[in-house]
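Engineer: Protein sequence lines, in the order shown, are assigned to chains A and B.
So the first sequence is numbered by my numbering: it starts at 1 and just counts up by one.
So the second sequence is numbered by my numbering: it starts at 1 and just counts up by one.
One thing to keep in mind: the hints can contain errors.
With a Cα cut of at most 27 Å, we get these calculated DSSO-like pairs of lysine-lysine [unchecked claim]:
{"id": "1", "chain 1": "B", "residue 1": "Lys56", "chain 2": "A", "residue 2": "Lys270"}
{"id": "2", "chain 1": "A", "residue 1": "Lys270", "chain 2": "B", "residue 2": "Lys52"}
{"id": "3", "chain 1": "B", "residue 1": "Lys52", "chain 2": "B", "residue 2": "Lys77"}
{"id": "4", "chain 1": "B", "residue 1": "Lys77", "chain 2": "B", "residue 2": "Lys56"}
{"id": "5", "chain 1": "A", "residue 1": "Lys270", "chain 2": "A", "residue 2": "Lys250"}
{"id": "6", "chain 1": "B", "residue 1": "Lys29", "chain 2": "B", "residue 2": "Lys52"}
Residues from chain B that keep clear of chain A, each with C-beta distances beyond 10 Å, as calculated [stated by the list, open to error]:
{"id": "7", "residue": "Met1"}
{"id": "8", "residue": "Val12"}
{"id": "9", "residue": "Asp28"}
{"id": "10", "residue": "Lys29"}
{"id": "11", "residue": "Gly54"}
Cβ-Cβ distance ranges computed for the label pairs, FRET-style [as the list claims (entries may be wrong)]:
{"id": "12", "chain 1": "B", "residue 1": "Lys63", "chain 2": "A", "residue 2": "Ser56", "range": "50 to 58 Å"}
{"id": "13", "chain 1": "B", "residue 1": "Lys63", "chain 2": "A", "residue 2": "Ser232", "range": "14 to 22 Å"}
{"id": "14", "chain 1": "B", "residue 1": "Gln24", "chain 2": "A", "residue 2": "Asp154", "range": "21 to 29 Å"}
{"id": "15", "chain 1": "B", "residue 1": "Asp28", "chain 2": "A", "residue 2": "Ala312", "range": "46 to 54 Å"}
{"id": "16", "chain 1": "B", "residue 1": "Asp59", "chain 2": "A", "residue 2": "Gly211", "range": "27 to 35 Å"}
For the record, the hints were derived by calculation from the structure and aren't laboratory data.
Backbone N, C-alpha and C fix where the C-beta goes; we use that ideal spot for every residue, glycine too.
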Amino acid sequence: MTQIKSAPARSGARIMGIGAYRPARIVTNDEIAPLIDSSDEWIQQRTGIEKRRFASDDETLDEMARLAASDAISDAGLNPEQIGVVLVATLTNPVQFPAVAPIVASKLGIPDPGAFDIGAACAGFVYALSTAADMVKSGSVEYALVIGAERMTDVLDFTDRGSAFIFGDGAGAMVVGPADFNGFGPVIFGSDGSQADAISMSSTWFDFRSGKIPEPPTLRMAGQQVFRWAVSEMVAVTQRALTAAGLEPKDLAAFVPHQANNRITDAIVKALDFPDTVAIARDIRESGNTTAATVPLALHALRSEGRAPSGAPALLLGFGAGLTYAAQVVALP
Amino acid sequence: MTAEEVMHEMAVILDEVAGVSADQVAMDKSFTDDLEVDSLSMVEVVMAAEDKFGVKIPDEEVKNLRTVGDAVNFIVKSS
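The whole structure should be built from the sequences, with the hints applied where relevant.
Structural biologist: Below, the structure is given as structure tokens:
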């Protein structure tokens with residue numbers, strides 16, 4: 001048989017840097033509440049959200065992605081020219097094609113990188129990060145740039161009582177590179193397409209194009225169904241990611257779940273009995289649910305608070321529309 | 001299990017999951033209006049009840065469970 005040469009595999013990969021971009025405009029619950037006949041108290045009690053950021057017209061998806069990425073590349077101590085592949089996790093690319101990743105890469109001045117988007121909704125960033133880690137470890141690239149970016153306001157119906165108060169805009173990024181130790185545990189991922197309707201668009205763009213519906217489609221979410229799935233399934237997924245990495249809850253420095261709802265986080269933390277020494281990401285209070293951007297934004301916030309010690313293990317968990325999920329233990333940069 | 005036994009266990013679940021004190025719980029009490037159990041806590045109550053009583057309470061059934069009595073009767077019937 002003909003021998004096919006492979007790239008020399010590396011012994012390890014690690015996260016080298018984190019970056020964030022939060023839009024300038026802060027939007028309080030009081031601003032959202034009147035359109036959905038709600039209140040600040042009601043929103044906080046059900047979600048933990050106190051405020052979120054809404055992007056302006058100038059804060060486009062690729063611009064927010066570029067700013068977060070630039071921050072992450074600097075944090076990693078690299079230059080854009082060193083990046084070999086760019087992965088963008090998003091569900092709010094305003095066009096069906098081309099992907100955002102090559103555009104962001106060009107604007108960053110990365111010459112000729114591999115570039116593609118990943119569509120796994122709120123789990124997208126963790127999917128993209130684990131893919132990047134595998135690419136570095138396999139020797140396909142030396143440095144990978146992973147971005148989660150969303151303009152959820154582009155797909156929201158501000159009068160929908162089931163979703164309008166939850167989401168926000170923003171972007172976060174990480175750089176993955178070679179390491180002489182193992183900075184990533186095995187990724188645990190999965191999906192349940194039979195529940196695809198639980199979080200989806202109200203109709204297709206084609207229905208709008210053909211005039212079947214008068215308004216463009218917007219996000220719809222069956223909140224209770226998603227809550228039930230997340231609380232019942234993500235406890236086991238989190239446990240599996242820990243076990244796969246050979247760790248126990250007490251070994252973690254931080255737990256960074258997708259910032260969907262503080263009450264989902266509460267349920268997982270309670271079920272797994274995380275000790276107080278584990279920092280629990282609660283960026284949802286400040287940022288709302290930014291879908292694919294929550295995990296890097298929340299980790300960035302934890303580190304800014306001095307609660308993400310370099311080299312210590314953290315568990316990242318993404319879950320959402322699809323339904324999809326992914327969890328992985330990582331060494332903090 | 002008798003309705004009384006299920007009702008007693010439901011009171012324990014409501015206390016643990018939603019912080020409702022046992023003396024407030026009665027068959028005719030509405031989860032949302034009387035006991036102030038919100039929609040997400042209701043999901044947690046249902047999940048805890050499924051575990052405790054070994055029954056399945058599908059999402060479409062949950063909205064029919066207005067009172068504690070509705071839930072108790074459903075569980076007695078299903079178990």
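Engineer: Take the hints in turn and mark each one as holding or not.
Structural biologist: Tested hints:
With a CA separation close to 23 Å, the supplied pair B:Lys56 and A:Lys270 stays within the 27 Å bound. Between the alpha carbons of A:Lys270 and B:Lys52 the distance comes to roughly 18 Å, so the proposed pair stays at or under 27 Å and holds. This hinted pair checks out: B:Lys52 and B:Lys77 have alpha carbons roughly 15 Å apart, not beyond 27 Å. Pair hint B:Lys77 plus B:Lys56 holds up; C-alpha atoms about 11 Å apart against a cutoff of 27 Å.
Pair hint A:Lys270 plus A:Lys250 holds up; C-alpha atoms about 13 Å apart against a cutoff of 27 Å. This hinted pair checks out: B:Lys29 and B:Lys52 have alpha carbons roughly 21 Å apart, not beyond 27 Å. Chain A leaves B:Met1 outside its interface by the beta-carbon criterion, the shortest separation being 23 Å against a cut-off of 10 Å. The beta carbon of B:Val12 sits about 16 Å from the closest Cβ of chain A, which is more than 10 Å, so the claim that it is off the interface holds.
The beta carbon of B:Asp28 is kept farther than 10 Å from every beta carbon of chain A, the shortest such distance being approximately 24 Å. For B:Lys29, the condition that its CB be more than 10 Å from all CB atoms of chain A holds, with the nearest at approximately 20 Å. Every CB of chain A lies more than 10 Å from the CB of B:Gly54, the least distance being 15 Å, so the non-interface label holds. Remark: the range hint 50 to 58 Å for B:Lys63 to A:Ser56 is contradicted by a beta-carbon distance near 40 Å.
For B:Lys63 and A:Ser232, the hinted distance range of 14 to 22 Å is satisfied, since their beta carbons lie about 18 Å from each other. The hinted window of 21 to 29 Å between B:Gln24 and A:Asp154 is violated, with their beta carbons roughly 45 Å apart. Judged by the Cβ atoms, the range 46 to 54 Å given for B:Asp28 and A:Ala312 holds: they are separated by roughly 53 Å. One distance hint, 27 to 35 Å for the beta-carbon pair B:Asp59 and A:Gly211, holds here, with the actual separation near 33 Å.
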